[in-house]
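Number of protein chains: 4
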Amino acid sequence: MPLTPEQQAEIDELRAGARPTLRAVSEGMEKHLYLPHQVLDHGFVRVIDYMGDDAAITQAARVSYGRGTKTVNTDEGLIRYLMRHWHSTPFEMCEVKFHVKLPVFVARQWIRHRTANVNEYSARYSILDREFYIPAPEHLSAQSATNRQGRGALLEGAEAARVLDILREDAMRSYDHYESMLSDDGQKGLARELARMNLPANIYTQWYWKVDLHNLFHFLRLRADAHAQYEIRAYAETMCRIVADWVPFAYSAFEDYRLGGMQLSAKGIAVLKRRLAGETVTEETSGMSKGEWREFESAWEA
Amino acid sequence: MPLTPEQQAEIDELRAGARPTLRAVSEGMEKHLYLPHQVLDHGFVRVIDYMGDDAAITQAARVSYGRGTKTVNTDEGLIRYLMRHWHSTPFEMCEVKFHVKLPVFVARQWIRHRTANVNEYSARYSILDREFYIPAPEHLSAQSATNRQGRGALLEGAEAARVLDILREDAMRSYDHYESMLSDDGQKGLARELARMNLPANIYTQWYWKVDLHNLFHFLRLRADAHAQYEIRAYAETMCRIVADWVPFAYSAFEDYRLGGMQLSAKGIAVLKRRLAGETVTEETSGMSKGEWREFESAWEA
Amino acid sequence: MPLTPEQQAEIDELRAGARPTLRAVSEGMEKHLYLPHQVLDHGFVRVIDYMGDDAAITQAARVSYGRGTKTVNTDEGLIRYLMRHWHSTPFEMCEVKFHVKLPVFVARQWIRHRTANVNEYSARYSILDREFYIPAPEHLSAQSATNRQGRGALLEGAEAARVLDILREDAMRSYDHYESMLSDDGQKGLARELARMNLPANIYTQWYWKVDLHNLFHFLRLRADAHAQYEIRAYAETMCRIVADWVPFAYSAFEDYRLGGMQLSAKGIAVLKRRLAGETVTEETSGMSKGEWREFESAWEA
Amino acid sequence: MPLTPEQQAEIDELRAGARPTLRAVSEGMEKHLYLPHQVLDHGFVRVIDYMGDDAAITQAARVSYGRGTKTVNTDEGLIRYLMRHWHSTPFEMCEVKFHVKLPVFVARQWIRHRTANVNEYSARYSILDREFYIPAPEHLSAQSATNRQGRGALLEGAEAARVLDILREDAMRSYDHYESMLSDDGQKGLARELARMNLPANIYTQWYWKVDLHNLFHFLRLRADAHAQYEIRAYAETMCRIVADWVPFAYSAFEDYRLGGMQLSAKGIAVLKRRLAGETVTEETSGMSKGEWREFESAWEA
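Residue numbers (the numbering used here), protein chains in the order written: chain X, 10 to 311; chain F, 10 to 311; chain U, 10 to 311; chain C, 10 to 311.
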């Protein structure tokens, strides 16, 4: 696990210090607070803080004076209704703050989601640790032959070993050189903001990332998807499990309507209606392009 | 005060229900939770939830594993440094959710601040209450003769009475007609989404408004300013007092560097440097336009 | 039509002044520039400026050095692929600026879309015109009995006349009082920022509204939808026609995948697959709630 | 220069194809369209498209029907007024789209500005070119002894040569290994999305970046500042020159009120007022902390 004893002691201290609050409390989320969930070889996700719970969503939707709920059932039904009808603002009323440790190439994909607050560890100001992501054998894949941005078969045996050796050796050499350029032992040490440029994209960085629940769901829908790169998906899936404990009704609606749902085009609706009416529809009579038809058929094959 | 007994009971129930949490707790903010602070004649601001405290700002700035603070002094110094140097992301790591009751014309100014989450009471879905903002005599001002978007002298006596009569009577008549158009007693009731169009801009609406501390400070700097319209300034000033209790170090830095600070232009810097060197500078030798010079002189007059 | 001769002359002058540019030009959009499209009784939408065309979308997707297109066919196929797979950033590379005149209650719905730039006519600074939205008879509807935020049957005869009389008379009286409070003829004129509070929500305001194509599509999907209030839908539908002329490939993909498309839940997918396999599925065996089932069935009824 | 003959031909073709438009045209910007301005050793900034000019700012501020300007003088005065009083929305009415080629570590700083649209070259989908940033000798600096995120003296002679050798050799070796892992000659080629992780942060990437003028000014104020890292400042300064040609009045106001301006704290104002009144103020009597005083004095020293 990636924590030093000092870091572990700081977390233990935080977990020991319960205090009374009048705010909404999610018991499911209190269990996660501060604890690192390991992701990849050296990364983690941990919850630093959160605001709101399932009831906070319906309370905002109703602009209530109090908790505003009559029964738990009503809350769940309203949350499902809001999700189904794309009401985004009530979900924005919950907020969560994560501390994430992640490889730089994952961070570069992640940061493309702009509706969030981020504070990243600064390599201008501080020195990065010697920690690099090296894929586990079951994730070391060849380029897909059919999907330009996908993976194909696993690399195995000598081929896998060779790639892993390259990644490990280049990482270590780059870091050795980073340290030796920084060193002011008998020389002028190179500025940190320059020396970092020698480090490869599998080095780990870390950040605090804060986001509202609506935008988190948007992130998770795209990044927990099968088409997302495995390495960021590993983070998204960990966060899915945390969110399910935090706001179980909202997460369940998200699973049903977004993660497990599907967008049909007007053409797709027409094909399904014709099929439901007993008609046989082929690519030629579908009105779809070759690519659309292939995707459509793979989604609806028996 | 604008609360019904049922609303008050809901608030009392929330204030009675302290629960343990492992999250950061701001004692100063716990005292405010749920309690309405009256603003204008029927409006209020109340805190529904918050995330973080002063320490959360420095913790994020350091990307810490624990609370990350050695001493309270260090925290304050770092917060002042971050504010002075326009580091916005650590302040984004605190979040607050308000329930606000406010006249529609104030809401229309407020919503121009886009970096916040809002859930407004829906007049398509529900019927608005009969509550209108009528200015107190000390705020009933004539148009300023010099500032096209400002106020001048107070209206007094018969002139004031006449304006207040118009505002009150038009509000009541509009609301009577709103109700009678909505009524389905012996007639088809007009759709709520249409009937509302008869209501004037001083009717009260309400919303949940959630914002991070950086963007809240930006809002407060513009809306607690002397140039802001009095009615929105009244809300901003109430929120300033709440924020001072929530994150005292950050608020104090905000007061010093933003609220009480001033932006100097390159020309303004040059004039001050010449004056500090003993030179007499006039409008003609300042390089400023007439308007800039007037504003500059009023800020620096003895 | 809502323009004065002076305004028309200004527009004519702009339409007369073609100049050479090296930028991407959309012929379909040049035809719309500056011309008001009437919406409702006194409102309009007109295009003030635009950036990009269909080719700019694919050019950005490819991070091209030149126009980057081999054939028009390829462009259309790529645009459809990007839309189908929720690639939003290439569509953000087109931008459009509208001048819109609209009733205040429509403006209040519209402004909830935050990812846009807005400059509204200021009633603190200037005096509003005497123009109010009065619904045409075919839009004067009763409250829906089944949908809390919808319309039902039309009001007719004396009932309709009564409502229209109220709306007209209250509007005129409010405006008369607005003018008389503002007047400084023999009295102190009330501050404009106060006097405006007497004006009802059907008065017209105007603004410049600038948005990128991705966020415009998001706006149009929600506001050109049958569930949107008629008055904002009228604006959205006008903008749809303009966008179809501006970026025909992108608009056609938007129509197919968004406007005419449908989001299926995991439960909905399961029901359809069972039906396609010949099974009879009822509300009881669908796993859906009553409300979900009703919506699902109305979408898929023969 | 970093362009291939094919790229240059594409740009020449675009520059040859002027077409008529009814939109606002900025002659100063037309001269820049598509042409690459070299930045660093292999990078560039080029303008792909723009919307608006100086007049578009005042036109939006006035919500005009036509160009809305009587005289050029009035336009300049209004633009200066808007900038001085922090009116941001009129400046948001201009938009610009750049194509930028830049090292990854610069891209990582740049992307922290969230209010912009970005389309980056995808290293999941495509193969990156063998181009790396190697600092020129006059930018190869040691770590600052006093500023944790700054540079100190230049490295010289053998020290400089050694660092440059490391940077060059590590870059070449990493790229050689990147290519050899990707190769499917007699082996399975590693997935592009994995192979890229071996590349250091000085490799060049490219993107389309689109932003409105207000947010561009915010970016430039922070990144053209003396405290910004040299490498991103080089891009910001190039963009400053382009913007000065595009919207000369707005840029001049920006230079005076932002780039060359200064934010004074309440304490700073008090010290200056005392000095202007003839008093001698020292650190002890200033009420400032040691750090604040040092910064204040360095700004105001004779």
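Keep in mind that the hints are not guaranteed to be accurate.
Each pair may be met inside one copy or between any two copies, as identical chains are not told apart.
What the hints assert, rightly or not - In the DMTMM-like style, the derived pairs of lysine to aspartate or glutamate whose C-alpha atoms are separated by at most 25 Å in a straight line are:
| # | residue 1 | residue 2 |
| --- | --- | --- |
| 1 | Lys197 | Glu306 |
| 2 | Lys299 | Glu310 |
| 3 | Lys40 | Glu188 |
| 4 | Lys299 | Glu288 |
| 5 | Lys197 | Asp254 |
| 6 | Lys276 | Asp254 |
| 7 | Lys40 | Glu19 |
| 8 | Lys282 | Glu15 |
| 9 | Lys40 | Glu306 |
In case anyone wonders, no lab produced these hints; they're calculated from the structure. Since the model is a prediction, treat every value here as computed from it, not as a measurement.
Here is how each hint holds up against the structure:
{"no.": "1", "hint": "Lys197 to Glu306", "in the structure": "neither (64 Å within a copy, 29 Å between copies)"}
{"no.": "2", "hint": "Lys299 to Glu310", "in the structure": "within (16 Å within a copy, 28 Å between copies)"}
{"no.": "3", "hint": "Lys40 to Glu188", "in the structure": "neither (39 Å within a copy, 46 Å between copies)"}
{"no.": "4", "hint": "Lys299 to Glu288", "in the structure": "within (20 Å within a copy, 30 Å between copies)"}
{"no.": "5", "hint": "Lys197 to Asp254", "in the structure": "neither (52 Å within a copy, 41 Å between copies)"}
{"no.": "6", "hint": "Lys276 to Asp254", "in the structure": "between (38 Å within a copy, 22 Å between copies)"}
{"no.": "7", "hint": "Lys40 to Glu19", "in the structure": "within (16 Å within a copy, 28 Å between copies)"}
{"no.": "8", "hint": "Lys282 to Glu15", "in the structure": "neither (62 Å within a copy, 49 Å between copies)"}
{"no.": "9", "hint": "Lys40 to Glu306", "in the structure": "neither (43 Å within a copy, 41 Å between copies)"}
Hints 1, 3, 5, 8, 9 from the list above are not met by this structure, while the remaining hints are.
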